[in-house]
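Residue numbers (the numbering used here), protein chains in the order written: chain X, 19 to 433; chain Z, 19 to 433.
FYI, nobody ran anything at the bench for these hints, they're computed from the structure.
A couple of the hints might just be wrong.
Copies of one chain are not kept apart here, so a pair can be met inside one copy or by any two copies together.
Simulated crosslink set (DSS-like; lysine-lysine; CA at most 30 Å straight-line) [to be verified]:
id, residue 1, residue 2
1, Lys336, Lys281
2, Lys407, Lys292
3, Lys60, Lys49
4, Lys41, Lys190
5, Lys221, Lys316
6, Lys292, Lys221
7, Lys292, Lys336
8, Lys329, Lys292
9, Lys41, Lys407
10, Lys71, Lys198
11, Lys407, Lys336
12, Lys204, Lys60
2 protein chains.
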Amino acid sequence: MNTKLNLSINSERLLNRIQQLGKTGRGNDNKLSRVAASDADKAGRDQLVTWIKEAGLEVEIDKIGNIFGIWYSTQNRNEAPILLGSHIDTVINAGIYDGCYGVIAGLEVIKTLQEAGFVPTRPIAVAAFTNEEGVRYAPDMMGSLVFAGGLSVDEALATVGIDGTILGEELKRIGYAGTKEPGFLKPQSYIELHVEQGPILDKVGTPIGAVEDLQGISWQRVTIEGVANHAGTTPTDMRRDAGLAAARVITYLRDRANASNGKTVATVGTIEFKPNAVNVIPSLATFTVDLRNPNEKKLQEEEQALANYLKELAALEKVSINSEQLVRFQPVTFDENIVRLVEEVASEHGLQSRRMTSGAGQDAQMIARVCPSAMIFVPSVDGISHNPKEFTAEPDLVAGANVLLDLVAKLTEAE
Amino acid sequence: MNTKLNLSINSERLLNRIQQLGKTGRGNDNKLSRVAASDADKAGRDQLVTWIKEAGLEVEIDKIGNIFGIWYSTQNRNEAPILLGSHIDTVINAGIYDGCYGVIAGLEVIKTLQEAGFVPTRPIAVAAFTNEEGVRYAPDMMGSLVFAGGLSVDEALATVGIDGTILGEELKRIGYAGTKEPGFLKPQSYIELHVEQGPILDKVGTPIGAVEDLQGISWQRVTIEGVANHAGTTPTDMRRDAGLAAARVITYLRDRANASNGKTVATVGTIEFKPNAVNVIPSLATFTVDLRNPNEKKLQEEEQALANYLKELAALEKVSINSEQLVRFQPVTFDENIVRLVEEVASEHGLQSRRMTSGAGQDAQMIARVCPSAMIFVPSVDGISHNPKEFTAEPDLVAGANVLLDLVAKLTEAE
Numbered sequence: 019m020n021t022k023l024n025l026s027i028n029s030e031r032l033l034n035r036i037q038q039l040g041k042t043g044r045g046n047d048n049k050l051s052r053v054a055a056s057d058a059d060k061a062g063r064d065q066l067v068t069w070i071k072e073a074g075l076e077v078e079i080d081k082i083g084n085i086f087g088i089w090y091s092t093q094n095r096n097e098a099p100i101l102l103g104s105h106i107d108t109v110i111n112a113g114i115y116d117g118c119y120g121v122i123a124g125l126e127v128i129k130t131l132q133e134a135g136f137v138p139t140r141p142i143a144v145a146a147f148t149n150e151e152g153v154r155y156a157p158d159m160m161g162s163l164v165f166a167g168g169l170s171v172d173e174a175l176a177t178v179g180i181d182g183t184i185l186g187e188e189l190k191r192i193g194y195a196g197t198k199e200p201g202f203l204k205p206q207s208y209i210e211l212h213v214e215q216g217p218i219l220d221k222v223g224t225p226i227g228a229v230e231d232l233q234g235i236s237w238q239r240v241t242i243e244g245v246a247n248h249a250g251t252t253p254t255d256m257r258r259d260a261g262l263a264a265a266r267v268i269t270y271l272r273d274r275a276n277a278s279n280g281k282t283v284a285t286v287g288t289i290e291f292k293p294n295a296v297n298v299i300p301s302l303a304t305f306t307v308d309l310r311n312p313n314e315k316k317l318q319e320e321e322q323a324l325a326n327y328l329k330e331l332a333a334l335e336k337v338s339i340n341s342e343q344l345v346r347f348q349p350v351t352f353d354e355n356i357v358r359l360v361e362e363v364a365s366e367h368g369l370q371s372r373r374m375t376s377g378a379g380q381d382a383q384m385i386a387r388v389c390p391s392a393m394i395f396v397p398s399v400d401g402i403s404h405n406p407k408e409f410t411a412e413p414d415l416v417a418g419a420n421v422l423l424d425l426v427a428k429l430t431e432a433e
Numbered sequence: 019m020n021t022k023l024n025l026s027i028n029s030e031r032l033l034n035r036i037q038q039l040g041k042t043g044r045g046n047d048n049k050l051s052r053v054a055a056s057d058a059d060k061a062g063r064d065q066l067v068t069w070i071k072e073a074g075l076e077v078e079i080d081k082i083g084n085i086f087g088i089w090y091s092t093q094n095r096n097e098a099p100i101l102l103g104s105h106i107d108t109v110i111n112a113g114i115y116d117g118c119y120g121v122i123a124g125l126e127v128i129k130t131l132q133e134a135g136f137v138p139t140r141p142i143a144v145a146a147f148t149n150e151e152g153v154r155y156a157p158d159m160m161g162s163l164v165f166a167g168g169l170s171v172d173e174a175l176a177t178v179g180i181d182g183t184i185l186g187e188e189l190k191r192i193g194y195a196g197t198k199e200p201g202f203l204k205p206q207s208y209i210e211l212h213v214e215q216g217p218i219l220d221k222v223g224t225p226i227g228a229v230e231d232l233q234g235i236s237w238q239r240v241t242i243e244g245v246a247n248h249a250g251t252t253p254t255d256m257r258r259d260a261g262l263a264a265a266r267v268i269t270y271l272r273d274r275a276n277a278s279n280g281k282t283v284a285t286v287g288t289i290e291f292k293p294n295a296v297n298v299i300p301s302l303a304t305f306t307v308d309l310r311n312p313n314e315k316k317l318q319e320e321e322q323a324l325a326n327y328l329k330e331l332a333a334l335e336k337v338s339i340n341s342e343q344l345v346r347f348q349p350v351t352f353d354e355n356i357v358r359l360v361e362e363v364a365s366e367h368g369l370q371s372r373r374m375t376s377g378a379g380q381d382a383q384m385i386a387r388v389c390p391s392a393m394i395f396v397p398s399v400d401g402i403s404h405n406p407k408e409f410t411a412e413p414d415l416v417a418g419a420n421v422l423l424d425l426v427a428k429l430t431e432a433e
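Could you put the whole structure together from the sequences, leaning on the hints where they help?
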């Protein structure tokens, strides 16, 4: 069926819950820092579980602490569920939307369908994945990665945090070391509603992003070794200036990104010179490169182009250059059928939508390994993210949740 | 007269004294750190004064602690002296040649002339200027600056060091707060023999540098403010990347230096990004620019070109840029007659010479304010300076001192 459901989520409940979860677990400084498996995270989890129980859903916690609220009916108990969700852990001094919006909206969709007497052909579940942010324990997106079988649960639980704690012990301490094997649920599909965390939708005034893929990420640390020398007495043509070579890499990366028609983004976010003195030519420059592209072949081409350039540059500037891979994630292509359905539903709501790439890492990129997955984005004002100033206007939050509602209905109504 | 004097300095004495002064004042770590008005500096000064007294010269200390050894004769006491010299303070963990060579060679020239029964038409004096390096007390070249009237002695003595000490008190403590007014001596000319501290003479295999000028120095601190944003979700054309803008400045400066035919040198020696995270576009980049050119007009043109570029760049990259002057010294042109005489004497010795620019600051640039001045350079192997590896081969040290000897003889023989 392709008709628009004549239902709307309860916008007041949705918005209130976003605010309420945003107040939960704040410290004495009134900052929101609900890092994974902390007391603040426990407070957020307890609130979520209370809401799931209120909705009459079955609560399941798996061994990595992922929380599931599942709406079964007698008829559909043996069917693969539609899984909605995201995460409720946050970075330090976070905004209230990142992750939480997708979890609360998932639950809201279920409640709306329940209240309307909707009879889904398969179970509908909402998940809050553990430690998406990776602030306290690396890697990020850990709960969804373990759920999808990309990391063993034992290895994940043994992770030592930046504060010396062990994730498994902390999950026990806060009461969220569950008993279910991660992956106990086999979703038919996964849909994650999320704030964009980037400026595009806000800039172009489009309310719905139909996220078709997610950028691959390549992080490298580049170290350039030249020769320290006197800034006054060393002629230009005798210099082996590590700092200049670093600058050439930075401008090279930007020029290539410009030439890529927006598909490649490249960032040099950290840099250090040694000896770092006004009148000494740098002998050492160390910086990081963050390269992203939604196409694996293209991302490899970017990496290769950089490697080739570093080789040329080393000869040209008489410096030696080493590069070390820090992080590497392949791009993810989301399920074309679901993405098309997102566009269709948005259109039925009279909402403009736009195909997009997720520039940030997301739980959906992990779950995409085990079932057809996609994401829906709503605008982030000025693209501000990981910041208390993160903001999405209420009409946009409501519109996104209603698109999710109709999408779920379409995926679960009599086929 | 234009004939070569048939005298040579006592090379053994010269070289021994360079080694001996290089051993004086070393710390428990065996490093040479004879910073101004320290106990180590006192040890070096005491050694120098002993040598000056042994030579029968009159010792004078002025209020800023500059040490003078003056060879008067009854006939020339009322004439303006030829002044030789440099400094014997050092940087931290220094080599043994910088400064010391010029002082010891000056004294050696006087001794050689004395021993030969030479009768100079005017007094010949050697000076060791206080605090040339400026490591402990700013500014550098302080003793010669005060001597030349560029800074009042009271202001200089009140300087607070990086260790919280006051220069005037430290000079008293080590017994080198003299009573003579700085400038009590009115030189007829000043000649400073020095190691090049750069690679040119060593690279081209030329033993004598006839230093015709000294670069003007312009130091600026540039601060670029952009907007911190997510490295994955922010499209290239929406970035306001302070780090990229800093890199563009660095490559711009190098490209201009390349185009200047070697006259301009530009160095970015320090840099800092904020927040300095791998996946965050830098909101702030701070770096220093060290610009040098031996021609004041050209140096001003370089400063103006940089200012214009920063303006263009701010608009282009949508960042705001501020620049603050940290240091500004005008270039110095040395006395053409003396420079020509250096070339002539070198040639008489069968030594190749080369007109050069001093890229480093020197006492001679201050003394040039009060009398015709010039410098003679000898090679520094690989241009290494301010480093225990600083090295000049013995034949080069001897050749430089013999050129100084003949130059002084020419300037002081019956006119």
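Here's how the hints hold up against the structure:
no., hint, verdict
1, Lys336 with Lys281, "between (32 Å within a copy, 21 Å between copies)"
2, Lys407 with Lys292, "between (36 Å within a copy, 18 Å between copies)"
3, Lys60 with Lys49, "within (16 Å within a copy, 57 Å between copies)"
4, Lys41 with Lys190, "within (24 Å within a copy, 65 Å between copies)"
5, Lys221 with Lys316, "within (26 Å within a copy, 46 Å between copies)"
6, Lys292 with Lys221, "between (40 Å within a copy, 25 Å between copies)"
7, Lys292 with Lys336, "both (17 Å within a copy, 29 Å between copies)"
8, Lys329 with Lys292, "both (21 Å within a copy, 28 Å between copies)"
9, Lys41 with Lys407, "within (14 Å within a copy, 62 Å between copies)"
10, Lys71 with Lys198, "within (18 Å within a copy, 92 Å between copies)"
11, Lys407 with Lys336, "between (45 Å within a copy, 21 Å between copies)"
12, Lys204 with Lys60, "within (26 Å within a copy, 82 Å between copies)"
Violated hints are absent here; each numbered hint is respected by the structure.
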